Amino acid sequence: MPLMPVKFNLQKRVKLAQGLWMLYWVSVIVGILIFSLGIFFKVELRKRSEMMDNSESHLVPNLLILVGLLTCGFNAFGGKVCHDSLDPMKFAKWKPMLKQYFMAGLGFNVVLLVVALLCFLMQFSVYLTLADGLKYSIRFYKDTDTPGRCFMKRTLDMTQIEFRCCGNNNFRDWFEVQWISNRYLDMSNDEVKDRVLSNVDGKYLMDSVPFSCCNPGSPRPCIQHHLTNSSAHYDYDLRSEELNIWTRGCREALFSYFSYMMNSIGALVIFTILLESADMAGLKYLTTSLEAMADPENPECESEGWLLEKSVKETIAEALGKVKALVKPNQVQEGGEAPAT
Amino acid sequence: MSLGRVVLTPSDRRSLARVLVLLNWVSVVTGAVLVLVGVYLWVELWRWEVVLSEGVVWAVPAVLVWTGLTACVVNLTGARLCLDAADVNRFLRWKLAMAPYVGVSLLLTAGVLLVAALCLVAAARLDGALEAGLSAAMRRYKDWDRHPGLKSRLDLLQIHMSCCGNVRYQDWFRVQWVPDRYLDRSDPGVRARLSSNVIGQYLSDSVPFSCCDPASPWPCPQTHLRSSPAPHFRSLAQSSRSLGLWGRGCREALETHYSSILHHISLIAVGVWAFEVRHAHNAPCR
Numbered sequence: 001m002p003l004m005p006v007k008f009n010l011q012k013r014v015k016l017a018q019g020l021w022m023l024y025w026v027s028v029i030v031g032i033l034i035f036s037l038g039i040f041f042k043v044e045l046r047k048r049s050e051m052m053d054n055s056e057s058h059l060v061p062n063l064l065i066l067v068g069l070l071t072c073g074f075n076a077f078g079g080k081v082c083h084d085s086l087d088p089m090k091f092a093k094w095k096p097m098l099k100q101y102f103m104a105g106l107g108f109n110v111v112l113l114v115v116a117l118l119c120f121l122m123q124f125s126v127y128l129t130l131a132d133g134l135k136y137s138i139r140f141y142k143d144t145d146t147p148g149r150c151f152m153k154r155t156l157d158m159t160q161i162e163f164r165c166c167g168n169n170n171f172r173d174w175f176e177v178q179w180i181s182n183r184y185l186d187m188s189n190d191e192v193k194d195r196v197l198s199n200v201d202g203k204y205l206m207d208s209v210p211f212s213c214c215n216p217g218s219p220r221p222c223i224q225h226h227l228t229n230s231s232a233h234y235d236y237d238l239r240s241e242e243l244n245i246w247t248r249g250c251r252e253a254l255f256s257y258f259s260y261m262m263n264s265i266g267a268l269v270i271f272t273i274l275l276e277s278a279d280m281a282g283l284k285y286l287t288t289s290l291e292a293m294a295d296p297e298n299p300e301c302e303s304e305g306w307l308l309e310k311s312v313k314e315t316i317a318e319a320l321g322k323v324k325a326l327v328k329p330n331q332v333q334e335g336g337e338a339p340a341t
Numbered sequence: 001m002s003l004g005r006v007v008l009t010p011s012d013r014r015s016l017a018r019v020l021v022l023l024n025w026v027s028v029v030t031g032a033v034l035v036l037v038g039v040y041l042w043v044e045l046w047r048w049e050v051v052l053s054e055g056v057v058w059a060v061p062a063v064l065v066w067t068g069l070t071a072c073v074v075n076l077t078g079a080r081l082c083l084d085a086a087d088v089n090r091f092l093r094w095k096l097a098m099a100p101y102v103g104v105s106l107l108l109t110a111g112v113l114l115v116a117a118l119c120l121v122a123a124a125r126l127d128g129a130l131e132a133g134l135s136a137a138m139r140r141y142k143d144w145d146r147h148p149g150l151k152s153r154l155d156l157l158q159i160h161m162s163c164c165g166n167v168r169y170q171d172w173f174r175v176q177w178v179p180d181r182y183l184d185r186s187d188p189g190v191r192a193r194l195s196s197n198v199i200g201q202y203l204s205d206s207v208p209f210s211c212c213d214p215a216s217p218w219p220c221p222q223t224h225l226r227s228s229p230a231p232h233f234r235s236l237a238q239s240s241r242s243l244g245l246w247g248r249g250c251r252e253a254l255e256t257h258y259s260s261i262l263h264h265i266s267l268i269a270v271g272v273w274a275f276e277v278r279h280a281h282n283a284p285c286r
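Chain order of the listed sequences is A and B. Numbered by my numbering, the letters in the first sequence go through residues 1 to 341 in order. Numbered by my numbering, the letters in the second sequence go through residues 1 to 286 in order.
Think of the hints as simulated: they come from the structure by calculation, not from any bench. Every value quoted in this text rests on a predicted model; they were computed, and no experiment measured them. Incorrect hints may appear among the rest.
[Said to hold, decoys possible] Stretches of chain B that chain A covers, calculated by requiring three or more beta carbons in the stretch to come under 8 Å of a beta carbon on chain A:
1. 155–163
2. 169–180
3. 207–218
[To be verified] To list a few chain A residues with every Cβ distance to chain B over 12 Å, as calculated:
4. Asn9
5. Val14
6. Trp25
7. Asp145
8. Asp157
9. Ile161
10. Ser212
11. Pro216
12. Ile223
13. Tyr236
14. Trp306
[Stated by the list, open to error] Okay, the calculated beta carbon distance ranges per label pair:
15. A:Gly107 with B:Val270: 51 to 59 Å
16. B:Ala215 with A:Thr247: 21 to 29 Å
17. B:Val270 with A:Met22: 40 to 48 Å
18. B:Glu131 with A:Met22: 52 to 60 Å
19. B:Ala32 with A:Asn298: 45 to 53 Å
20. A:Ser36 with B:Val73: 47 to 55 Å
21. A:Lys47 with B:Gly271: 51 to 59 Å
22. B:Ala32 with A:Met22: 40 to 48 Å
In this text, a Cβ means the ideal position worked out from N, Cα and C, and glycines have one as well.
In isolation and in its complexed conformation, chain B is listed as follows (with noise of 0.2 Å):
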């Protein structure tokens, strides 16, 4: 006894293979929206990996595309398949390779919700990749001769994602990024700081330019956020905020950014999932 058995005549056929001719070229659709979503969240990791250059959340756009494209191919043959599926002579071609177009099917309707799964958890993963990479940048900012351009990426980030330091403006205070070649070693202030920790590097309380917030109407001192300012500059209060410093660290900065992308992600291809199931049944086009 089969199951869900139906009694079609042949124009109940014929009507039923244009609909799923329709819903195979929808799925083509869905699957080229793929490719372009895994394409665009490249594009994104790309636009920062001077700060996220390894982690699980790479392996996310390559498989993508493929699940895109494999999607693309799959329902193509099943179009074509579901037109010959009218005429009896045409579709004896397609009898032999029935058994493994549904398998493929299966296995491409499984691997939609796979990646579904890898974004959330790439998503749960991307925070250690995100500190490994901002402590390194932040280490290497003075070292213009070694890696040309990571100073210019690490302010644009800052800039652009409205974020200094790893978690907060202080972290800045930790590391030398001023390089050697801009400091007067004859200077005496030079010499007391350069003295005062074991491993011989400038420390000081000042952040790069790029930490600065245009939005606060504080001129931005970017220097002496510790101590007394600038003599210029009356007392400021403690908090970044009024210090016209961005108030948030670029790991939080990046990681919602990244989360929200790959959430929407994973929403999408729970979607095209959900569409994939309701119409895997080609049992009808036999």
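Here chain A stands alone, though its shape is the one from the complex (with noise of 0.2 Å):
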């Protein structure tokens, strides 16, 4: 008993071939949005890369990009079937590779389905390297001169502007860091030489944040000296003053702009999927209509489309037992020679 078996006329089997053909061209056009998403999500890894200690894993763009040109060329070869299918002689030559099509369909969507889950659950990795890369980067904020980070300092504050964050999980982070390069303090004045003492490591530390972090829209010029300390300013009360420097780390800014990033991408997949099983349903109906049909003769004919040709389990029985053909021919062979002695 076939599977959800539809009849079909003439005008009914053009209106599916023209239908599917747009829903093909659809999927072609979905296929170069997942691939330029791919390429703009690679770009971006590679411009906060810095950020990140340059560890961090390109696994998802791309596998976006391949499976953006993978998706275009499938639904191009779909689309190309479709648009022969309704002559006879075109549809002829098609005919025998459309078995692999429909197998080569069902391993692409489990492909996507991965993609997808990826894109869901990297998001953990991408959090993670960026709280160890935002922690070297304010570490070495200060060495301009070291080869290999001269623009630490630029990228950091760049970014600090650019996603109104300041820190690691907060601007507290610049507390525990020399952020001034030893080249600009003046090592006779007293007040430095104090504090550089204060410490077991000898760095200069300082309740200040660099000028990145202040915020544009305070109403008060930007307090980034003395910041704990209530009374080295007029009118200034640390625990009320909200608006002077960004309170959000960069951490929250950054990942929160990545996972949002990455959600969408995934949606777009999982909608893939969707349409690429919608795809390969019309296509399987049209298939199977023009081949059921008894006259081929006589297009005006009709005939009877099909999802699948028996019930799910006697089709996924027929599958196990040719894969268990495929892996022990040598079981088969014997028990064909046994009758025979």
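From the two separate chains plus the hints, produce the assembled complex.
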């Protein structure tokens, strides 16, 4: 008993072929979209790679680029088959490839599912990479004369300005590192000497943040030094002063940016899976209704199209049997010999 | 004796009409391009309108949009006309409209050229408008109550355009940019500064944080830029580059930015004009 049979006359077949052809081209455009989003994601990761200590994983964008190209090719082929389906001469050359095409389609859907899962799960890896990377960035902020780290200051400043954030978890991360290079410190000054001697590592620590933490939207000119000392500035209470510097940490800011991107791409991939399933179902109906025509010379005749030749259980049992036959060919041979003797 | 007389067979006329219809559609596209360019210019001007609130340059987007729309309408009519030219019966309807149509398209062609000239004039007049706008904005920087948001827009301008002050960073030394409510009048230092000038303004040798250049290795000392710096800094060279501030003034930065946009727009307008002139000979349609 075929699964979900539907009767088709000529008009219905033509309509199905036309609608399916448009659907295939929509799928090609979606494939191009996935490809471009993969490239965009890769470029964004590269741009922020200094914040992630150059150790970020490019697995997801590379997979997206590959999957995007495969989707385009796959659906372009399907569209061509649709286009030729109503001409028996042209359709005849595609007929032998259809079975493999459907199997490939099934496999491709599984790959898409894996890619969607990766989009959602790799966010954890991005979070951890950001946490580590930002820690190093803040530590190396002052090393503008060390080769390989010359641009860390500029990159971190521009990231803090662009993403409106300060520090790793929050602005207090800046209090724990020396972010002013020794080159710019006047070591003969008493105050400087006191600060350097006040901690074990001999670092010049202070309760100040770089200028890039300043919020331009604050009505007050930016207070970046002596942040924890309420009496250092006129009319300043550190507990109520909200707008002066960015309070959000850069890890949270960057993570929410990448997380939004990865969630959107994951949703698009799931939509592509649904689209591909609809494409394959439609093509199956079209091809089976064409093959089931009683009189191939007369296109006006009615025919029946179905999704599967037998019910789901029987199809799965048949497929398992074929797999077993492939895996153990010797047993079949022995069984054949036994009755002879 | 008519000028440029050519004898055409019916099939020649049909293919000529087809070519002219295509050219008219391309002109519709160029008209749309003018409209888009006008909208883009308006958005760019509105982005920094805090320092450029008036000037000839604000008339340019409106002129571009109207010229573009007129070009679209005229060329759509032309396309329709040429489409009907192939059929004698339908063409008779258009006979009366021919003369006004030719007149309007000639005016349009001249108008596009005027738009290009207007862009160049606006670019030349930018300097004065920017000077006035920037001085006013810098004076109002501290007045958050009367001009809320002006401070943040000016800060964002300095950050995005990589500039500081009107002509150079020292312009900030001549205005009071710290609001009065954050000045401790009981402090002798503050009182000294307030009494040091006629108007009683708090002038200091410091600049806002938005003047800081992230690419500089200096951690940006904003205060004590003229005298000896904050105690922990070594003495600094006087050029603003090594101070870690933006080297150029906002007037220069904005002028370069807008002039280049206006010059590109006038080039596009000249290109559109040249294209219009080449196919303005709709006489063969008659």
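A quick look at each hint next to the structure:
Judged by the Cβ-Cβ criterion of 8 Å, the stretch 155–163 of chain B is covered by chain A as claimed, because 3 of its residues qualify and three suffice. For the stretch 169–180 of chain B, the assignment as covered by chain A holds, since 3 residues bring a beta-carbon within under 8 Å of that chain's beta-carbons and 3 suffice. For the stretch 207–218 of chain B, the assignment as covered by chain A holds, since 8 residues bring a beta-carbon within under 8 Å of that chain's beta-carbons and 3 suffice. At the 12 Å boundary, the C-beta of Asn9 (chain A) stays outside the reach of chain B, the nearest C-beta of that chain being 40 Å off.
Non-interface status of Val14 (chain A) relative to chain B is upheld: no Cβ of that chain comes within 12 Å, the nearest being about 32 Å off. Taking the minimum C-beta to C-beta distance to chain B, about 25 Å, the non-interface status of Trp25 (chain A) holds against the 12 Å cut. Listed as outside the interface, Asp145 (chain A) is inconsistent with that label: its C-beta sits roughly 7 Å from the nearest C-beta of chain B, within the 12 Å cut-off. With 12 Å as the threshold on Cβ separation, the claim that Asp157 (chain A) sits away from chain B is violated: the shortest Cβ distance comes to roughly 3 Å.
Remark: the non-interface label on Ile161 (chain A) conflicts with the geometry, its nearest Cβ contact in chain B lying 6 Å away (cut-off 12 Å). With a closest Cβ-Cβ approach of about 6 Å to chain B, Ser212 (chain A) is found to fall inside the 12 Å limit, against its non-interface label. A beta-carbon of chain B is positioned within 12 Å of the beta-carbon of Pro216 (chain A); the least distance is around 4 Å. Not every CB of chain B is more than 12 Å from the CB of Ile223 (chain A) (nearest about 9 Å), against its label as outside the interface.
For Tyr236 (chain A), the condition that its CB be more than 12 Å from all CB atoms of chain B is violated, with the nearest at approximately 8 Å. With a least beta-carbon separation of about 48 Å from chain B, Trp306 (chain A) lies farther than 12 Å from that chain, consistent with its non-interface assignment. Gly107 (chain A) and Val270 (chain B) have their C-beta atoms about 57 Å apart, which keeps the hinted 51 to 59 Å range intact. As the Cβ distance of Ala215 (chain B) to Thr247 (chain A) is approximately 26 Å, the hint placing it in 21 to 29 Å holds.
Range check, Val270 (chain B) to Met22 (chain A): Cβ separation about 43 Å, and the 40 to 48 Å hint holds. Distance hint check: the CB atoms of Glu131 (chain B) and Met22 (chain A) are about 59 Å apart, consistent with the given range 52 to 60 Å. Take Ala32 (chain B) and Asn298 (chain A): their Cβ atoms lie about 51 Å apart, and the range 45 to 53 Å holds. Separated by about 36 Å at the C-beta atoms, Ser36 (chain A) and Val73 (chain B) break the suggested range of 47 to 55 Å.
At roughly 35 Å, the beta carbons of Lys47 (chain A) and Gly271 (chain B) sit outside the given window of 51 to 59 Å. Between Ala32 (chain B) and Met22 (chain A) the Cβ separation comes to about 27 Å, which falls outside the hinted range of 40 to 48 Å.
In the structure shown, a violation is registered for the earlier hints numbered 7, 8, 9, 10, 11, 12, 13, 20, 21, 22, in ascending order.
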